[in-house]
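Construct all of the structure, not just a fragment, from the sequences and the given hints.
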Amino acid sequence: MLTVNEVEGIARLARLALSEEEKVRYARQLSSILDYAAELARADLEGIPPTASVLPARSVLRGGDAIGHHTLSRTDGLANAPRSDGTAFVVPPTLPGALSGE
Amino acid sequence: MLPDLSTLTVHAAREGLRSRAFSAVALTQAFLDRITALNPTLNAYLTVDADGALAMATAADARIVAGEDGPLLGVPIALKDVLVTRGVRTTAGSKILADYVPVWDATVVARLRAAGAVFLGKTNTDEFAMGSSTENSAFGVTRNPWAHDRVPGGSSGGSGAAVAAGLCCAALGTDTGGSVRLPAAFCGVTGLKNSYGRVSRYGLIAFGSSLDSIGILARDARDAASINAVIAGHDPQDATSLDAPVPDYTAALTGPDLRGLRIGVPREYFIEGIQPEVEAAVRAAIDGLVALGATCHEVSLPNTSLGLPVYYLIAPAEASANLARFDGVKYGLRIEGDGLESMMRETRGAGFGPEVKRRIMLGTYALSAGYHDAYYTRAQRARTLIKRDFDHAFEHVDVIASPVAPGTAFRIGEHVDDPLQMYLEDVFTINMNLAGICGVSVPCGLDSNRLPIGLQLMAPAFGEAIALRVADAYQRVTAHHLQRP
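As given, the protein sequences belong to chains R and P, one line each in that order. Position in the first sequence (from 1) plus 27 gives the number in the numbering used here. Position in the second sequence (from 1) plus 27 gives the number in the numbering used here.
For the record, the hints were derived by calculation from the structure and aren't laboratory data. Positions of the beta carbon are idealized from the N, C-alpha and C atoms, including for glycine. Check before you lean on any hint, since a few could be wrong.
Ranges between beta-carbon positions, derived for each pair [to be verified]:
#1 P/L29 <-> R/G113: 47 to 55 Å
#2 R/T114 <-> P/S33: 45 to 53 Å
#3 R/I75 <-> P/A351: 25 to 33 Å
Straight-line alpha carbon distances no greater than 35 Å define the calculated DSBU-like cross-link-like pairs of lysine-lysine that follow [claimed, not checked]:
#4 P/K357 <-> P/K122
#5 R/K50 <-> P/K357
#6 P/K122 <-> R/K50
Far from chain P by the CB rule (all over 10 Å, computed), these chain R residues [as the list claims (entries may be wrong)]:
#7 M28
#8 T30
#9 V31
#10 N32
#11 E47
#12 V51
#13 D112
#14 G113
#15 T114
This is how it looks when you write it as structure tokens:
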């Protein structure tokens with residue numbers, strides 16, 4: 028059973044603000060899903076390699092001609108930004124005491 | 028004279044457009060009128076782009092008058108709202124993207140646009156395609172056209188309902204764990220789930236990158252074949268789209284003679300708890316295929332029961348990484364906070380709905396230090412067993428037949444408080460995504476509540492042509508796919 032404390036730790040990693048009610052609910056629901064997932068512990072996986080993708084792994088190098096093919100203009104890139112100054116995305120300061128982005 | 032929109036197939040629409048029985052503009056306007064009348068009840072569309080659709084129809088009419096022909100030219104279709112469309116709001120069913128207007132087209136959208144298809148609008152979906160009922164949409168549930176108190180299935184529930192209710196000729200959906208096949212089954216339409224890598228995912232708002240596939244909801248297998256011919260194939264913008272020739276899917280539909288075809292029936296898919304009418308309808312459908320000359324063989328997929336736990340670790344893990352991009356900086360909602368990290372936390376906390384948060388949390392946990400090997404890597408190893416099951420079975424049979432879901436459409440609200448119960452709806456569909464194979468969901472009857480039942484025909488990776496051929500053969504001799512709400 029996950030504790031509310033553990034749920035808070037996961038939410039911190041996931042950058043998710045949760046209400047107190049959500050923390051209690053997720054502790055219960057995630058626990059029951061993880062209990063179900065524990066069924067995997069019973070599977071004999073000795074010597075079985077993991078599958079990350081069903082396609083054969085291959086290295087893909089694109090030709091130089093493709094560069095710029097689907098890049099956005101600055102205007103398009105910023106078109107959906109919640110805040111921008113017309114040339115860049117505007118975000119709050121990342122370090123305490125740093126200059127504001129504006 | 029306009030045809031009956033509720034039964035109009037893509038090929039019949041093309042026939043009428045080609046012979047000038049009606050114009051693309053008249054056809055599009057008729058669909059828009061029908062959407063205006065029915066969508067307030069069904070909520071199949073989140074965005075209806077009437078002006079854009081009529082402009083596309085006008086352009087299609089000009090091409091038709093100029094003598095151009097093509098399988099989708101002037102045909103009104105719908106797009107699931109996880110496919111980005113230039114200039115048309117694309118929400119992924121989420122508050123976090125409520126006002127997002129893409130500046131570019133997904134590859135499938137660009138291909139359909141070039142083929143002259145008409146986009147009526149964007150269809151409802153569980154938020155970020157996470158769900159089996161469309162109840163997780165931030166913009167309200169879609170109602171099943173067969174019974175308005177029932178779900179349409181999910182996550183492509185808007186597309187399924189739109190096709191079933193005659194609000195478009197066909198629609199695109201996406202399938203990460205059953206999200207094309209389940210709504211196809213619940214809404215009584217034909218659903219094609221493509222193999223992983225068959226169709227470019229460029230411009231599909233990502234959920235589980237090793238599982239996501241783009242598919243089709245249509246009135247019959249023939250329509251699915253003609254649409255797939257347009258959207259399938261390699262795309263340099265998606266390194267996981269396979270550079271392999273695309274077969275002529277329509278030419279593969281060779282008629283009702285199935286002599287020589289071997290059908291596998293997996294014993295693990297006919298389990299206790301399955302609705303008896305579903306089992307009876309699916310077994311009758313298999314008998315119908317045998318009557319066309321196919322042979323029936325019991326097969327075993329012994330690791331079937333690992334599928335749900337594997338999926339509900341791998342898919343959330345991939346989702347937790349993919350959804351990290353929604354941070355209030357580049358696009359979408361932003362809630363200002365006390366500094367950068369607080370802004371991200373508040374934005375995501377306010378913008379994501381309960382199921383998306385649940386999966387991000389689950390995925391973050393499964394990938395976190397100390398648990399990564401026990402959960403994520405272990406799930407990836409069990410995934411290998413599931414894929415091997417199919418590899419072995421397909422050494423002996425050409426297709427595998429099963430129900431799409433254990434039951435028919437359930438009531439709105441029935442599973443909302445019990446995520447695990449909701450996940451069980453995917454028990455027969457998710458293993459195909461884990462193995463990367465393809466398949467078709469075909470209507471095969473109604474239950475005593477007059478709710479549609481789906482037959483699932485699974486084929487090996489890149490075997491879309493054979494799955495479509497079997498579905499088409501079945502539809503040539505049966506009428507289940509012609510039934511309407």
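Tested hints:
Take P/L29 and R/G113: their Cβ atoms lie about 49 Å apart, and the range 47 to 55 Å holds. In this structure the supplied range 45 to 53 Å holds for R/T114 paired with P/S33, their Cβ-Cβ distance being about 52 Å. Separation of R/I75 from P/A351 is about 29 Å and conforms to the stated range, judged on CB atoms against 25 to 33 Å. For the hint pairing P/K357 with P/K122, the CA-to-CA distance comes to about 15 Å; that is within 35 Å, so the pair holds.
Our distance criterion of 35 Å between C-alpha atoms is met by R/K50 and P/K357, whose separation comes to about 28 Å. Distance hint between P/K122 and R/K50 is fulfilled; the C-alpha atoms sit about 21 Å from each other, no more than 35 Å. A cut-off of 10 Å between C-beta atoms confirms that R/M28 is not in contact with chain P; the least separation is 13 Å. No Cβ of chain P approaches the Cβ of R/T30 within 10 Å, the least distance being about 13 Å, so the stated non-interface status holds.
Chain P leaves R/V31 outside its interface by the beta-carbon criterion, the shortest separation being 12 Å against a cut-off of 10 Å. With a cut of 10 Å on Cβ distances, R/N32 stays outside the contact zone with chain P, its closest approach being about 13 Å. Annotated as non-interface, R/E47 keeps its C-beta farther than 10 Å from every C-beta of chain P; the closest such distance is 12 Å. Consistency note on R/V51: stated as away from chain P, and its beta-carbon is indeed over 10 Å from all of that chain's, at 13 Å minimum.
R/D112, annotated as away from the interface, keeps every beta carbon of chain P farther than 10 Å; the closest lies near 13 Å. Listed as outside the interface, R/G113 is consistent with that label: its C-beta sits roughly 15 Å from the nearest C-beta of chain P, beyond the 10 Å cut-off. The Cβ of R/T114 sits about 15 Å from the closest Cβ of chain P, beyond the 10 Å cut-off, so the non-interface label holds.
Consistency note: the structure conflicts with none of the earlier hints.
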